[in-house]
Structure formats: C-alpha cells, structure tokens
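Given the structure of chain Z, go ahead and fit chain X onto it with the hints provided.
2 protein chains.
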Amino acid sequence: MTNHGWILERRPVEKLDASCLAWREMAVPDLTPGSVRVKTVMLSLDPTNRIWASPAESYLPPVPLGEVMRGIAVGVVEESADPRWKAGDLVQGMLGWQERAVVPAGSLNGLPPGVTPEQWFAVFGHIGLTAYFGLLDVGQAKAGETLVVSAAAGAVGSLVGQIGKILGMRVVGIAGGEPKCRWITEELGFDAAIDYKREDVGKRLRELCPAGIDVDFENVGGEILDACLARLALRGRVVLCGMISQYNAGSQPPGPKNLANVLMQRGRIEGFIVLDYLARAGEAFGKLGEWLATGKLRYATDVVAGLEQAPAALDRLFSGANRGKLMVKVADLPESL
Amino acid sequence: MTNHGWILERRPVEKLDASCLAWREMAVPDLTPGSVRVKTVMLSLDPTNRIWASPAESYLPPVPLGEVMRGIAVGVVEESADPRWKAGDLVQGMLGWQERAVVPAGSLNGLPPGVTPEQWFAVFGHIGLTAYFGLLDVGQAKAGETLVVSAAAGAVGSLVGQIGKILGMRVVGIAGGEPKCRWITEELGFDAAIDYKREDVGKRLRELCPAGIDVDFENVGGEILDACLARLALRGRVVLCGMISQYNAGSQPPGPKNLANVLMQRGRIEGFIVLDYLARAGEAFGKLGEWLATGKLRYATDVVAGLEQAPAALDRLFSGANRGKLMVKVADLPESL
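Chains Z and X supply the protein sequences, listed in that same order. Using the numbering used here, you'd call the opening residue of the first sequence number 6 and step up by one each time. Using the numbering used here, you'd call the opening residue of the second sequence number 6 and step up by one each time.
With the rest of the complex left out, here is chain Z:
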C-alpha cells in the first residue's frame, strides 16, 4: 500500500508554494487500537493553510517542518481499529495533504446522508459553520440592516451574503472582476457588488451604504477593511473572519487607519475562529440543509484534479482566480457511495 503527499520543508516567506513543499512517497503507519486508516477523496484548500505553515503563533500550532502539510479532507475509511467507524464510511477530518492517513477515530466526523464531498465543503463543514455562526453569532445580524461582505465570491463570502438575504438584510458584496460581481448579484441575489479591481471601494461604499455598514463580514483585511471601518454605522460590527490580503505579505503591512471611527460609532471588531463553534454544528447544519433543499442557498465549486496540483491550486485563493469553494480531488469516490 502506497502513500504520497506534500511535506512542509521550509517556512514560506511570501507564498506557500512548491518552493516550501516537497512531494514525497511515504510509508503508511500501522493501525493501532482506536485509530482508523482513511483514503483521501477530496482535500479542502483554505486561506488558513497559509497561516498554518507560518511559524507565528496562531489558533493552532504551526505545522512542524518535515511533516505532512495540514489540511481538512473528506475520505473513505479503508480499515478501522475502532467500533465507531467501519470500512466504506465517508468521513471528514484533518487528513492532511496526503493520499492516506491514519488518525484517531474520535477526530473524524461523518457526512450527513446524501451529501457529496463537494456539497460538504461548499455548504456545510467548516465553511458553512464559519458563514453561519460568524454572521449570526459574532455579527448579530438582523433584518433590515446593511451587510458588507468581502471576498464575496469566495466560499465563505458567497454563503454569508446569501444568508444575509435570507435574514432580510441589504447585502453588498466586494469581489474582484465583473464575472464574480455579476455572479453574486444575478445568481446569488446580492443587492449590489463592488469590483475592487476597477472601482474606488470607499466611494462605492458611500454610495451603496448611505446609512453606513451595520455588519462587515471581513475576509480580506488591509485597504478593504479600512474602507469598511470608515463607513461603519452606529454600533456596527466587524466580523474579523480572515485577512487574506495580508497572509502572503513578507513583512507586516500597516494596519487600518480608520480605527477612530470604531470609537466614534461605538463599533466592535471581533475575531473569530470556527473551531469554537463545532459543538453547535448541528444547529447550523439543520438550517443550511433546509436552505439548500429549498433552493435559497446556491454554491459554486472550483475543483482541481490531482493532489500533485495542491500547491499551485492554493494560489488560486490568493490571486483571486477561484469562485466558490476551492478543493482538490485526490481520488474517486467508491462506486458504492
């Protein structure tokens, strides 16, 4: 039985790419009691992969040099040494950027019946939980309020905007390029889009949010965040979900200039990590499933074929090439599923 995968060999200075990662053939560890061997089917690529490769302290320990790159994936149980799982089960967990993983049985979750790996990553999983709890719990979003979402055509952003519409909010998305802007307004139902590559974001926010921004669901950081802070409404909330514009910066870029407006508006900037909401996942899955089934929630996937492509594919997030959820297809699902 073979295994191949990507080993983190060097810390990235800017991009996390093939200069930091090495493709290796590796042994598959033996099963020990309580562990499960899983064959990877679909690997999720996320902006936070870049954070995990960094040596800086974050919400998880940095991936150790010389070890398999950390990654969330869906796979099929090949062999189980634990009563919770049996061969053929479809599971998700931290399988890493590799073809096969031996992991503790308790670190895995099953997928809801009938949900494909693509749907799991695009609508449920960490993406769905991030959008749902970020907007409702951290953002305290309410009907009638104005929501601005950055990286609006991305996996999280596209869900956040649609959930905002379901709640009865006015939703403005910030995305790069006309096709993405058309997609979020014409197909996903956002009220308006700002093309940050062509338009003056601050000027457009003034036009589109005349009463200010009640909730900024922030995925980008940098100048986009700064423009949103300048337009914050009274008691406006910034859900600090991600700052993708900053992760590849070789040195620490300067922060937002408009923090004074947070003071004036009694605003709030709140950081949030989806791991804190895992215990409440069922609550979100119920709603997301219902919205998906009734056609209120749409999604797009950007599926790259072949684990060997993972480092190159990751850059699609940072260059803005992807639309919807980016993932890598590592192997076919068994016929039985």
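Be aware that one or more of the hints could be misleading.
One side only, chain X facing chain Z, incomplete, derived with CB under 10 angstroms [stated by the list, open to error]:
hint, residue
1, TYR252
2, GLY255
3, ASN263
4, GLU275
Partial chain Z-side listing against chain X, Cβ under 7 angstroms, derived [what the hints assert, rightly or not]:
hint, residue
5, PRO259
6, VAL267
7, GLY272
8, ARG273
9, ILE274
Worth flagging that the hints you see were computed from the coordinates, not collected in a lab. Glycine residues also receive a C-beta, built at the ideal position from the N, C-alpha and C atoms.
Then chain X, alone, in the frame of chain Z:
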C-alpha cells in the same frame, strides 16, 4: 454683566491652540423661559476637546466656527427661569469655554452633596463614568484577569487601574516618565508600570503579562495599542476609549499592524462613548463614592488658574505634562458653597 470666552475661529490642523481660538468679550444672552444663566467655576479639559474642534464626523457635531469652544464645566446658577434650578445651585453641563452661559435647564445636572468641583471632575462626572462603565461593561473585567491601562497617570487611566485592583485584577499601567510610574505603583497600587518614554513597551508587556492581556483599556492608540494587540490573551478585550496619540496628527497615521492577533485570539476591539451611559450614572456614582470614602480610590488634579490659560493648558494632555485630572479654574466658588 460681562462675558469672555474662547471662540473657535479656525479648524486645527495639528494642535488646538491659540492659533485656532480667539479670546473675545461677548454679550450675555437674555434668559428665556426654561433656561438658566450659569457662572462658570471650573472647566474640564479633555482629549476629546480636540475631536470636537475637528471638522470630521464624530459622536457629536463639530463645534461650529465662530462659536464658543465646547467644554464641560461646573458652575453656579446666577439666575433661573426654570423651577428645576435656583440661584446658588452648583451644577455641571456643557457650559463651554466662557465665563457665563445661558443653557436649557434640562441640560444641567447637580453635583452630589459635599462633592467639590475638583472631586466631581476627578472621580465622578464623565471621567468616573468612563472608567467605571468602560472597564466593567465594555471590558467585562473579572477578578484574576490581567488589565493593561495606557495613559495610566491620566484622569481616566488612574481610576481604571485602581478599579481594576478593587476588582482583584493584576494591573499594569503604561505612563510617561518615572514620577508618573512611581505614582501609579507606589500610591495607587498598580502592580507594575511601563515607562513608554524609556522602555520597550512590547518587551515589557511580554515580561509583565506572561499569560497575555485580558483587558486593554486603551487611551492612547498608535504604537501602544499595537503592542497591546500583540499580547492579547484568548478572548482578550480592547476597550477603545481614546487614542490621544492620534488626535494631533496632521494626516491620518497608519493603524495597528497586529490586528491578525485579534483574529487568532478571538479578541474584541470595542469603541465606547460615555454619553451612552448617562442613564446609568447613579449606579457608578454609588460605587465611586463608596470607594472614595473608604480610601480605596485616590485621585490627583492638575488645576490651571484662569480661563485665558485654557488653550495652553489643553496641550498639557497631549505633551503628557499633566498628572490626574486637568481642569481650569475660571472663578472662585461663592463663600456659601
């Protein structure tokens, strides 16, 4: 009957000083029903005076050019056309930088019995409410947590640190110069002080807050805020009370670089304006009065004599010359009080 005061003639670019303000003799308006004429006794000088003079949108409209500079003051009622007040009453309100003001009766508050104008501004009034509600309500401060206070020898900071000690927190103050650092540790009971003029604030925060900062009561902004963000503990709160280091900047200075740590630590930066807490003032005054009476709360005042000195005195806040509450004595209290 004469009146003199300071008129805002020009918007400040950097400092709000005599180049922007003009000393004028003015008429005293006639009393109309519902209004009260008050003779100013003590004028509070606050960092927010600089904000009020700016043309930028803030939590109150900018002081119009050509009008008396806005200011909070304690005064004595000279004549009243409203049953709520009578001649001789000691009151506080937005009397402005002038010797006499005619204001709506409903805009005034009485001082608690036995409280002097100095005590009012140093322990109660907007300063006490800011410290009390900022720390307890916005900061959600708890026993056993680590509190960092910037501008720790200032009016608000010196109270915040002492309230933190009363609550059972570990308190680190950031102040400029050895006398202030000695004062807050030796006389006010702070656990430690950082002299930002001599010491590396980031390095000292790492030493003094090994488990991170649970509450940063932020009065300064800029590099001090940035250093605190870098040390934020899990679910740490930044009470964004003021950013005095930024107010005199001619152009917008860059913001904090360490916002990513707010994300990683699930931290919160929350702006807050004391005006929102006026309805709950009684709650704070009761506690503050009790702590003052039992010797748990100490204060210092920096009283400058003569309203003509107000513009020059204001700069004491920005140069860091003052210790405790800065105010201008405009007139003697009547013998009867």
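Fill in: Violated constraints from the hint list, given by number and in increasing order
Checked against the structure, the only hint that fails is number 2, while the rest are satisfied.
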